[in-house]
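K.L.:
Here the protein sequences come in this chain order: Z and D.
So in the numbering used here, spot 23 of the first sequence is number 23, and the numbers just go up one at a time.
So in the numbering used here, spot 94 of the second sequence is number 94, and the numbers just go up one at a time.
These are calculated hints, taken from the structure and not from any lab test.
Note that CB positions come from ideal geometry on N, CA and C, so glycine has one too.
A portion of the hints provided could be inaccurate.
[To be verified] Stretches of chain D that chain Z covers, calculated by requiring three or more beta carbons in the stretch to come under 8 Å of a beta carbon on chain Z:
#1 27-34
#2 49-60
#3 124-130
#4 314-323
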Amino acid sequence: MAARKKTAKPNVSKEELLQYYKDMLLIRRFEEKAGQLYGMGLIGGFCHLYIGQEAVVVGLEAAAEEGDKRITSYRDHGHMLACGMDPNGVMAELTGREGGYSKGKGGSMHMFSKEKHFYGGHGIVGAQVPLGAGLAFADKYLENGRVTFTYFGDGAANQGQVYETFNMAALWDLPVIFVIENNQYAMGTSMQRSTSTPDIYTRGAAFGIPGETVDGMDVLAVKEASEKAVAHCRSGKGPYILEVKTYRYRGHSMSDPAKYRTREEVQKMREERDAIEHVRQMLLTGKHATEDDLKAIDKEIKAIVNESAEFAKTSPEPALDELYTDIYADA
Amino acid sequence: MTNMSMVEAIRDALDVVMTKDDRVIVFGEDVGYFGGVFRCTQGLQEKHGKLRCFDTPINESGIVGTAIGMAAYGLRPCIEIQFADYMYPAFDQISQEASRIRYRSNGDFTCPMVIRMPTGGGIFGGETHSQSPEALFTHVSGLKTVLPSNPYDVKGMLIAAIEDPDPVIFLEPKRLYHGPFDGHHEAEAKTWKGHPLGEVPEGYYTVPLGKAAVRREGADVTVLTYGTMVHVALAAAEEQGVDAEIIDLRSLLPLDLETIEASVRKTGRCVVAHEATLTSGFGAELAARIQKECFYHLEAPVRRVAGWDVPYPHAQEWYYFPGPARLGQALLETLEA
Ligand SMILES: Cc1ncc(C[n+]2csc(CCOP(=O)(O)OP(=O)(O)O)c2C)c(N)n1
Ligand SMILES: [Mg+2]
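Work out the full structure, taking the sequences as your base and the hints as a guide.
P.N.:
Structural data, given as structure tokens:
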């Protein structure tokens, strides 16, 4: 990944910057806590952490308006927190409890919120992409000016249904932003071993869909690109592709032998490119916040996360007859 | 003989056939460099080269479809779908191309390929990582579907499957990869060490497709089962003190009707058990066959023990999973019926 360009005079207010900092930090601390609960055996099965990628979803959400929709893969905790879903409900879903967004029946990969227009976490790679176009179709049909953020990974970008969707989205001028979260790995397989083109967004050209790459470790760069993409979609010009170059610090899921990349590679990203640290430095050097202010934020976030963990531990297990609910409409 | 886990036995089988036959190639998601998410192909790329063991992009339809082309031309692909739950994008290729190219071409072109897929639950995988889709395959003419339950069988059957002239769906119960599992989830996980079926011969051998194995001889009731449920059934019979004859089908299609019928005629009672959901599950096929072939020997209705007809849940896994208590109860009720 190219070195960060200097954002010389970022066009951003102190309040906005602080908000991004808080939003990203919430995701990071939440995920760290989820990792701990997993280690303690309170979360079982699959759990994909978003640590390292926080700037992607926070930057994108910065350009979203009420009523805009989002849909993503199984690596979904960050997306839910960033669109304002309740950390308690997310954490309790991870522990499989009644208070979880899917009453414990979905787990880490499968949660939804009608209120926040979050159309899920999807466990099957690529499956959410055509759904995103369908959501956008509905918005276009209703002429409501809304857009849909459809997130997927670099690995998912090789599923055939992504290209079926590109074609339809372009053909029908759908207001959908395809956000490719390129963290360079699909599980244990690096991009070079699986993907014919180094820049995935260029594939959109074959369908007449404009796009660009963005530095996903720079929340302001992501925000700027998001604004541009959203403006494009809202004005009725059809889909747009943002390929956000990012990096996940943790394993693919909780059971990852981490043999496919070096420890040094991960360490280098953490030390030199961390998105939260970047904003933290901007806040301090720009004199928008003091160390003490940031400590207070830290504390505030820790409290939210601890509360979510407490809720997730104490919320009861779902009743056994929940097994049979929501399979069909009630008779 | 070497003690092996199912993972090691699979790896060994692949190594043996790849060494023996250079038409055999192995590929799938994370299969080459990384050695597979369950490590079943670890070391194969290093040993046999990148042309014979390699990674694919995440595109199941493409993986299966290209393998069919290779097979039609004379190669012998043995491909991995990372979890059986991921095969749906490829289902068209499996059910309409792989299965019927022989039929469609009057035998000019054939499809000698194996699709390996981890199957089943018991690992907290939830709805998209725990499914048991075997009945979707047994419903398709032209496919063979097998499901071994231990290291010895998995090696011998994988070699047999790769050498088979037709497409074989090779389902591997992922909960058994590292040790037998009898449904007692609260107990400490076992390994294959010390298990007689963890003793695996070196080198080449086959376990023929289409042959069931009697895992426990018994007089009072026949249990027809496969995969993880074989171990659950053994525990259930033991715990309830039932003299059950437990048959590990191993191969669902072709099906060893001879062994099944002989047993049911002897015991006069039959329980069918699988993890997959009940309705239209493979157990329905077994029950139908038995009532047709063994009707006058039956002293009780054939009973099925299966997953509930619901999506595989994230929480409540052990309520969904047909463990030894549920199966034991069915055994008792069948004896009393
Ligand atoms: C259809 C399907 N195939 C395979 C998988 C297994 N799988 C889950 S995540 C993953 C890697 C996806 O990588 P990417 O799209 O880059 O997303 P990331 O995990 O990096 O966020 C794979 C192969 C799956 N869930 N669904
Ligand atoms: Mg990725």
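K.L.:
Using C-beta distances, would you say chain Z covers the stretch 27-34 of chain D, given that this needs three or more residues below 8 Å?
P.N.:
holds (count 5)
K.L.:
Does the stretch 49-60 of chain D contain three or more residues whose Cβ lies closer than 8 Å to a Cβ of chain Z?
P.N.:
This one holds; 5 residues, not fewer than the three required, reach chain Z with a Cβ under 8 Å.
K.L.:
Mind checking, does the stretch 124-130 of chain D have 3 or more residues with a CB under 8 Å from chain Z?
P.N.:
Contact hint for the stretch 124-130 of chain D vs chain Z: holds, 6 residues under 8 Å.
K.L.:
Is the listed coverage of the stretch 314-323 of chain D by chain Z valid when you require three or more residues with a beta carbon under 8 Å from a beta carbon of that chain?
P.N.:
Result for this restraint: holds, n = 5.
Violation of the numbered hints given earlier is absent; every hint is satisfied by the structure.
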